[in-house]
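Colleague: Given the coordinates of chain A, work out where chain B should sit on it, guided by the hints.
Single-letter residue listing:
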Amino acid sequence: MSWSELSRSLSGNLGRAPRGSMSRRRSAWQRIHLDPWLLGMLLLLMVAGLAVLYSASGQRLAVVIAQGIRFGVALVVMAGLAQLSPSTLQRWALPVYGAGVLMLVAVEVVGDMGMGAQRWLVIPGVIRFQPSEMMKLAMPMMVAAWLSRRELPPRGQDLAVCVLIIGLPVGLIARQPDLGTSLLVALAGVFVILLAGLSWRIILLCATLVAAALPLLWMNMHAYQQQRVLTFLDPESDPLGAGWNIIQSTTAIGSGGLWGKGWLEGTQSQLEFLPERHTDFIVAVLGEEFGLLGMLAFLLLYLLIVGRGLWLAGAAQETFGRLLAGSIILTFFIYVFVNVGMVSGILPVVGVPLPLVSYGGTSSVTLMAGFGILMAIHSHRRLLPR
Amino acid sequence: MRAKRDTLKNPQQELRTFRVRALLAVLVVIALSGLLVGRLFYLQVVQHEVYSTRSEENRVRVEPLPPTRGLIYDRNGVLVAENRPTYNLTLVRERVDDLDATLALLADLLELPAVEAEAFRARSRQRQRPFQPALLMSDLDEEQIARLAVNRHRLPGVEVEAQLLRYYPDAEEMAHALGYVGRINREELETLDPGNYAGTHFIGKTGVERYYEQALHGQAGLRKVETNARGRVLRELGRTDPVPGANLTLTLDKPLQRLAVDLLDGRRGSIVAIAPQSGEILALASVPGFDSNQFVTGIDIASYRALQQDLDLPLFNRAIRGRYPPGSTIKPFLALAGLAEGAITPGETLYDPGYFQLPNDSRRYRNWLRWGHGRVDLERAIAVSNNTYFYTLAHELGIDRIHEHMTAFGFGQRVAHDVYGESAALMPSRDWKRARFNQPWYPGETLSVGIGQGYWQVTPLQLATATAVLANRGQWITPRLAKRIGDEPVPTALPDTPPDIELGNDAWWDRVYAGMEKVVSGHEGTARRIGQGLEYRLAGKSGTAQVFSLGKDQRYNAQELKERLRDHALFLAFAPVGEPQIAVAVIVENAGGGSTHAAGLARAMTDAWLLGDRGEEEADEAAADERQMAGAG
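Top line first, the protein sequences correspond to chains A and B.
The first sequence begins at 1 in full-length UniProt numbering and counts up one residue at a time.
The second sequence begins at 1 in full-length UniProt numbering and counts up one residue at a time.
Chain A extracted, bound-state conformation (with noise of 0.2 Å):
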């Protein structure tokens, strides 16, 4: 026994714990790759869901018991996850990338419709997969894995590959069609681009095309899909049609007050004026028995994690856990935005549920393995000598 160990110990029954405990605690949850304050927070974040789930679905004990069940699949996977080092990442971010592709293009041959659309690959009493929900994840890895091995800022060769690798899986998303899923995935590679340090002179440039393309992309899009843009502008203009979840949902969130009108409680949420209220329109249950400061503190706690993943990201010593982890959290951040936008009315609708509080098994999946790459990237740090 050295001297230190020895002192340690003693320190330990002296009773002189602290210093010596927070160091073993500390190690403790790094032996286990794991973040005490993201995983805090994203228990808080999960436990408020449920409650809200519970009032949202009726009050019915099923739901919230089967979320409940999918959140402990998502934690597992997340603490898998957390297992791996970026290294080992890095590696896979091509084969799971083109392995999406693949489904992708599986989809679109022999995809079961689902929804009036092409998202599920089935594979008869073993499994339903959506590999557009891989595919949040495959994006930002190969990207990430693409642009730490070249010369930053990218520019040039580099970008168009770049353009290419993300335009692949977008245009087979887009097509199934899921326009809302293509752009997130879409976003996520961009924010991988950006993080990497893209020009301010392309990033303008970029938008204006984007701008000049809209009148394109209008006349592609599919008569539901323009529709719900119109409705989004004009809700009022078809209030028992495509108008009628907007009006409901708003309502639902005015008449909740500063205040809320209390759990359970939500007169327009319990007698069912409101449409999927337990899935993408859960914010409208929240907002109507919560009121402001609830959906503020919800928000608040939403800030609280992206703030924490980006500082993580930050922390990250090699370029592709950084590039990696950065646009992970920034793309959890854009479901929130989209999701409250949409349901508050100042986003049209576009099925984004709220992270780890609307129902259903797949995103919270993808969301807490996101969580897992999170912690891996921090966890697997060489420690520097001091």
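Read the hints as simulated data drawn from the structure, not as lab findings.
Be aware that a few hints might be false.
Ranges of calculated distance between the beta carbons of each label pair, as one might list FRET restraints [stated by the list, open to error]: (1) Gly238(B) to Cys206(A): 58 to 64 Å; (2) Thr240(B) to Ala66(A): 25 to 31 Å; (3) Pro215(A) to Gly238(B): 32 to 38 Å.
Note that beta-carbon positions come from the ideal geometry of N, C-alpha and C, so glycine has one too.
Modeller: Using the frame of chain A, we list chain B on its own:
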């Protein structure tokens, strides 16, 4: 200089760039969050009054419109399942200002005794979530409805709801064939499409009601209504009409069904009749029956227990789930298997000393006639139901070939297209015995099978089906209960119909028919008593099944025990030979010999179907009345 920079990676520079960009991202995140907060502030604080008013006073509600359940007719258009309007009293607590006062007023208006009034209070709490109406009382009479209507302004939150309730006009005789509907239970709720069943309270539980649930139920509609703060509907904003369920026309012939039930009256048993050339089930009787209307509104516990504990098992559908040893009724089928396999020829004779012995075995398997029938050929063996002939045949065929041929006739299989809860009964085989008892098959067991005893079990429906296939010269037409679903006829040839049975020589069918005709018409036929005055060619076969064991938990008094140990009487028949229009299987439990106690019932069925002596005029009248009623209504 630039070329040099291209080849170098600069980790420090990359980190710096990232941190600048990340910081920018934080700013954007905060800006976007500010946008959300601004929007929420606008909705929840600035515009709160507007939305609060909209939420409070201008409620828009989506109400499901349940479809009307399809009606069920027999083949002649006589209604066998209908919907009757009833009125229920419901209450929504959230819309009631003073619950005590309201309940007191209701008790006063409806002149309820104190006990009932107390029950009202309990029922007003029974619901799953806020604003769901609680059912206080069902089946209101006209006077009660009138009183409630007059006092409606004093009763906010109280509604009289009209609801259609299933009603079976002749429940006792149709219960087993039709099945019934009942309240949707928790397990069913999990598997149902919530949109389509939102306003539906009843679902098919068994029988035709269950099998054709989807078609009978229809498609729910919905309406969006604007209500006032009390929940009263102010106006309708839009609606999608429900699509009513399809009316079902059955193949059952109600007069024939009634005759079958009447023939079995006072006994336990089953009669199944099938039209061989169309597969249509004409009668599916299981006696005793029960009043299925009790199950629609929810049967009380005492009545249900009484039905369940009744030793005659009225709830048990013998026609499709009763498993009986077939006895000698299966001898014609074994004869066909023997002919197909070349084990016997029609002209070949066998000397019957009154018993059969296996080689190297001293045990004697006896004919029912102790001194034997002497020389028997195929036709005589069937006519006199000679056991020795069929022991010999079964021994020569062996269990494997018997199993193969009998399975082709549907034994041991679920045979019907749309009969819910049908039992496959049991066609024993080597594999089955190994799996069930882990024992090899013994030759003596094959002999038991040869006279329809041992492990072999059949349902009345199977026996009637096999008879129909036999009468059809081996052509399979799957038995069915539905003739038309809405305007869509059920096709005669259904998918997954078993393959037809081919014999080497088509004339062999006629030899077996001849043997079966001699059963009723021959001078020594076992059922020659029923052959008198036949106006058509009737083929039949009797059977007597031994009852060797009783359920170990069943208690009987001595006299009943004696009765319940008697043999089951079986008879199968079809007519007319050559152009078969009806095939019948009769099983009367514990009646004794089949030739004396079941054959007459089969003849009554064929007579009724072929000679029109089945109260057809009565049915026509009923149908005419029905049309008149419909016209008047």
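Colleague: Work down the list of hints and note, for each, if the structure agrees.
Modeller: Hint by hint, here is what the structure shows:
1. The supplied range of 58 to 64 Å is broken by glycine 238(B) and cysteine 206(A), whose beta-carbon atoms lie about 44 Å from each other.
2. Checked against the hint of 25 to 31 Å, the C-beta distance between threonine 240(B) and alanine 66(A) comes to roughly 30 Å, which is consistent with it.
3. Distance hint check: the CB atoms of proline 215(A) and glycine 238(B) are about 33 Å apart, consistent with the given range 32 to 38 Å.
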